[in-house]
Amino acid sequence: MSYRLGVDVGGTFTDLLVVDEESGRTFRDKVPSTPDDPSRAVVAGARQVCEANGIAAGDIDLFLHGTTVATNAVLEGKVARVGLVVTEGYRHILQIARSLVPGGLAAWIIWPKPEPLAPLEATVEAPGRIGADGSIVRPLDEAKLRANLERLRGEKVEAITVCLMNSYVNDAHERRVAEIISDMFPDVPVSVSADILPEMQEYERALTTVANSAVRPIVSRYVGNLERELKSWGTPARLNLLRSDGGLMSAEKSRSAPVNLLMSGPAGGVAGALWVAKNSGFPNVLTLDMGGTSTDVALIEGGQPRLRRETSVGHLTVRASSLDVKTVGAGGGSIAAVPELTGALRVGPQSAGAVPGPAAYGKGGTEPTVTDANVVLGYLPENLLGGSFRLDREAAKTAVQKVADALNIGLYEAAAGIIAIVNENMFGALRLVSVAQGYDPRDFALMPFGGAGPLHGNAMGKLMGSWPVLVPPSPGVLCAYGDATTRLRVDAQRSFNRLATDTTDAEVAAVIDTIIAQVSGELASEGVSAADMELRVEIDIRYAGQAFEVPLYSPPGSTIADLLARFDAEHLRLFTFNLSVPHELVNIRVVALGKAANVSPQEIARGDGNPSAARLRDHSLFMDGREMDAILYDRAKLKAGDKVKGPAIVIEMDSTTLIHNGCVGEVDAFGCILIRPE
Amino acid sequence: MPTTIIEERPRAFAEQQIDTVTLDIIENALRNARIEMDATLVRTAMSPGIREQGDAFPLIADPSGKMIVGQFGSFIGGFLQGWDGTIEDGDMIFLSDPYSCEGAISHSNDWLVLLPVYRDGRLIAWTAMFGHQSDIGGKVAGSMPIDARSIFEEGVRIPPVKIWKKGEYNEDLIKLVMHQTRKPDWCAADLNALIASCRVAARRIHEMCERFGDDVYVSATRQLLARNHRAMKALIGMAIGEEPISFEDYICDDGVGFGPYRIKCTMWREGEKVILDFTGTDPQSQASINFFLNENMFKMFFGIYMIMVFDPAILFNDGFYDLIDVRIPEGSLLKPRYPAALSGRTHALGRIFDILGGLLGQKTPEFLNAAGFSSSPHLMYSGTDKAGKWFQLFQIGFGGIPGRPLGDGPDGHSLWPGFTNVPNEFLERYFPLRIERYEALADTGGAGLHRGGNGIIMSYRFLETGTVSIHDDRWFVPPWGVNGGAPGERARKILEKPDGTQTIVANKLDRLDVEENDVLHFITWGGGGWGDALERAPELVAKEIRQGLVTVEGAIRYGVIIAGDGSVDEAATEALRTKMRAERPAELPLFDYGPDIETLRRNSLSETGLPAPRQPVWHATALAAE
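Going down the list, the sequences are from chains A and B. No gaps in the numbering here: position 603 of the first sequence is 603 in our numbering, and each next residue is one more. With the second sequence counted from 1, adding 678 to any position gets you our numbering.
Possibly wrong hints are sitting among the right ones.
To list a few chain B residues with every Cβ distance to chain A over 10 Å, as calculated [what the hints assert, rightly or not]:
| hint | residue |
| --- | --- |
| 1 | ARG689 |
| 2 | ALA690 |
| 3 | GLY763 |
| 4 | ASP767 |
| 5 | THR859 |
| 6 | ASP893 |
| 7 | MET945 |
| 8 | GLY1061 |
| 9 | ILE1239 |
Part of the chain B face toward chain A, derived, beta carbon under 8 Å [said to hold, decoys possible]:
| hint | residue |
| --- | --- |
| 10 | ASN710 |
| 11 | LYS1041 |
| 12 | PRO1088 |
| 13 | PRO1095 |
| 14 | PHE1097 |
| 15 | VAL1192 |
| 16 | GLU1194 |
| 17 | GLY1226 |
Taking lysine-lysine and the DSS-like style, the derived pairs with C-alpha atoms no more than 27 Å apart in a straight line are [unchecked claim]:
| hint | chain 1 | residue 1 | chain 2 | residue 2 |
| --- | --- | --- | --- | --- |
| 18 | A | LYS402 | B | LYS911 |
| 19 | A | LYS156 | B | LYS1221 |
| 20 | A | LYS363 | A | LYS402 |
| 21 | A | LYS78 | B | LYS911 |
No lab work stands behind these hints: they were computed from the structure. Glycine included, every Cβ here is placed at the ideal spot set by N, Cα and C.
Given only the sequences and the hints, what does the whole structure look like? Please build it.
Here it is in structure tokens:
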């Protein structure tokens, strides 16, 4: 027997999923998270789910894990103190940044400038210079460098980054500087920009490499703890972590390049959605992961999520690939307010958080939130399944009444307004990943998940024209599915920066071969056999002179001419025009993927189409401007083929699904509810 | 005569009742459409000025030209008033001549595209965007000759013309225009990018109309304007008194020997209206630093500054325009007579914001910011390389942001919205340059409780023989400090030859010939300080010394003495601070301008390395034209 185990650590619960690799059977469980050291809950949960299902620790061969350790370290500012070595004349590289003040005219008056991620007093210069063509303009003055590095001793740095000008062309000086640092500071981990991001643009490369250094000690410690605990449990399982781009990386790699883990959490949700969508037969899906304070949205086209070349966490944006997930400050806890001056209704981004939480939670919250509006409208019944928790409808009404009074409208109108505004905010984010990229949302299904997603999914489907709205089973633990079902991924990229007219197919092929040798070597060292590897070549192209590239997949045997024709078509689709200037091949990238897991979803029992056996009770709610009757259902009792006519509310342990008046939810073979207009 | 709008099925939009929620949804959708315009532009443009630095400005307006979303002025009204042509469905307007649109765009380098959006035979909206072209021909590379005596020396000047006329593309027109520039490849791509942005926004407007109905959309835009009018009316009543207050500041020189040029603005309220009067502003220059300031543009600036303090979440639009009356004297620096040269208007454009800040903050020092919105430093470098290929760079630099009520001014950041620097690796890869030094220059920010941002020193090593132009200001009149803060340091430019000899060069000059391996040290001004420097924590000063942002000598200005080991010498610091407090007036000035103009003139050569400019005079030609 062999099993893989997927674990997702959330703010409240740690979700676990064990997959039998031969049969595809799955076992689920959840335990409370342990935020002080998340690895405790991870291993405790793993033991629990295995013991409960008679699985021996020795039979688990892969341990797959999405983690927010790096994300939280950045958000909470609990990162390592990083020393930075830059080219002479560039010591303020992180202070000046790109000189951008976000916001409009006069926004500088109110912009709080973030502090550099590597303190300026711990930034030192390396005397020496490499030119843009890779030539050595001035050799490295090692004696002077050593003297400069001495300064870092007093600065108590826990990690060091080296980022020198033009190292994306020639990294010789960076390597030598790293050697000297290792000699002087043998216990401090060194990150070299040519390893982390061998690309043009010194500020982005420096920042990304500094971010890598900043989370390196904490990730290293966490991974070390996990490995030790797993070992003492007695499992031989290899530990893999979920990268921001949805691929998996080895524990060892995650220790040296943890900057790739910054969006590991949201990537789990998208990866899980991908798996559900594939099984249910929907290659094109918009995902909507709505939690308490924020919502993540992403686009999956033809079974592939969109990738972007950046990762953003809080103030920090680095150049590391991530799934193109847009986050808006809109969630169940978002607070509604009416500023006196404009009399406009605003929802979020302020959130009531977990404490005090929405007024309906009865933990002392009094501000009106999205959850309170849902309670007032009857979308969230007072008695949730599981019974431990009762919502305070009166408190919710009192809170929402404040908005009603400020706008001089009725209570229900105010609650409906709050929902409409928060939906509109999410709509804006969904547009950015769809319409703004040239995709028509009507060609996509919409998958809402997370605690609050299924409450708003139907409304979002209406706004977007995206049907069906596909509510997966256990929408609250979708991330763990993502962790368990993705594949190992290694990628590498070279700056090429050649005009199409100045290069040949043979020259491009030679570069591709070199990168392939590198990435497949790395994957082989993770134990992936050559037969199980899948290689994807991508080439970034632009019109010479443009700042942004369009990444294009280059299948084996494709020529430069093929690529250029596809680029022109893509440029026309995205931007409405083509230009008659030469094309530039900017970057060449190879992605190597390991074998996909054999995880098939469990089918549920088939019914006769009538959901009445799952009916809990009658209910009343406010929709389309009036009070109407609705029915509450228990999701666990719904059968395949059941048709649930709206207005209806479907309840399960970790989420509540709202089906609108005029819509029908049909249960598919795997328990997904597919909502469509009647 | 104003523009004639031709509609196939003209009829008024029916006023609709709109609930707050729908209104807010349309507001958000418009905001998103504007963001998409920016994204489309930077992804497809080619000149570094636009693609790397973001020197371009989008706008969505109602049928009458009132801006609903946008950020940098409302230029459609001025255009509609000044142009006597016709607008029809399928047209797209292209223009660059400031004199054809009442200064709605202010120099010929800014190319403006206007797209009337028609639905069902009616004009329902305008989308528009303008962007700065790196070269439009004329007598110098970059097309902003400092010594130009008229607009005819500043490159191609495009009156309002139709790129598309009833859906038909006018290719000959574009060929004619592109033939005038040294960089037709950049200009063609940038123009396409402007057009694509306008089309993207038009598409979004159509989608909104399909979703809500045309009448609802138009009614919503009216209500958004009205909402803004209400908010501004309340703000004005609250923040602006009936007693006139004035503020004045200076442009250092005009690049041909005259200066400084005073810009003066007086503000008072009459009932619900604010009057902003520029009487007392110096005459127009014979050279190109004139800034043809459109009244509506200035209303916009004024409104933005007001709102930024009180409710930054307000969607900014033109709704409040009738609450403001702007008066600018004819023949002055801000309303020059045709055909005055205009290309170097960037200094006065920046200075307008310092003046606004000084004006609005005078009665409420807790909201007052120091000076620093002082210029938009340009560097142009062009020539023919050893391989015989033409190269041309136009780059915008940044100074220090002023000390603010919120805290220190950021070092070397942009006061212009959305602007970024150009990555030096990009410069080195695509131009014959090496950037030897790029850092915040210590001590250039004015001392204060909140330090002014430091300026930048950028040292360009030229790797080919070529020609350089420099446009900068704040080299003669320092950026002032406030609430006891000191002025920032002034800008300077130093040319260093391979043998090490250094020469100070002017901050406004064209045709500086440079040779291979010459280094130009391009130093920008620092922001003014905010609050009493003696109140700044000595440990912070010591830390900033370790960070290279302040020097040990510079710490004296904060009354801080640093010991040999880099720590604060507390006893010496206390003694020095006591002495400094005793020697200065008990009450610190609200504004610290530094020395008066006469003193600045006297010391110019010794302090700046450059001779003092001469007093500008009203010219007989300008007077005769009245």
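Right, here's what the structure says about each hint:
1. ARG689: Check passes; 30 Å lies beyond 10 Å.
2. ALA690: holds (27 Å)
3. GLY763: holds (25 Å)
4. ASP767: For ASP767/B, whose nearest Cβ neighbour in chain A is about 18 Å away, the distance exceeds 10 Å, so it holds.
5. THR859: holds (14 Å)
6. ASP893: holds (20 Å)
7. MET945: MET945/B clear of chain A: closest Cβ-Cβ about 17 Å, beyond 10 Å.
8. GLY1061: Check passes; 18 Å lies beyond 10 Å.
9. ILE1239: ILE1239/B is indeed farther than 10 Å from all Cβ atoms of chain A, at 19 Å.
10. ASN710: At 5 Å from the nearest chain A Cβ, ASN710/B passes the 8 Å test, so the hint holds.
11. LYS1041: Given a least distance of 17 Å, the restraint on LYS1041/B is violated.
12. PRO1088: This hint holds: PRO1088/B lies near chain A, its Cβ roughly 4 Å from the closest one there, short of 8 Å.
13. PRO1095: holds (5 Å)
14. PHE1097: holds (7 Å)
15. VAL1192: Since the shortest Cβ distance to chain A is 18 Å, the answer is violated.
16. GLU1194: For GLU1194/B, the interface hint is violated, since the closest Cβ of chain A sits about 14 Å away, which is over 8 Å.
17. GLY1226: holds (6 Å)
18. LYS402/A - LYS911/B: holds (26 Å)
19. LYS156/A - LYS1221/B: The hint holds at about 15 Å.
20. LYS363/A - LYS402/A: Holds - the C-alpha atoms of LYS402/A and LYS363/A are around 19 Å apart, at most 27 Å.
21. LYS78/A - LYS911/B: violated (46 Å)
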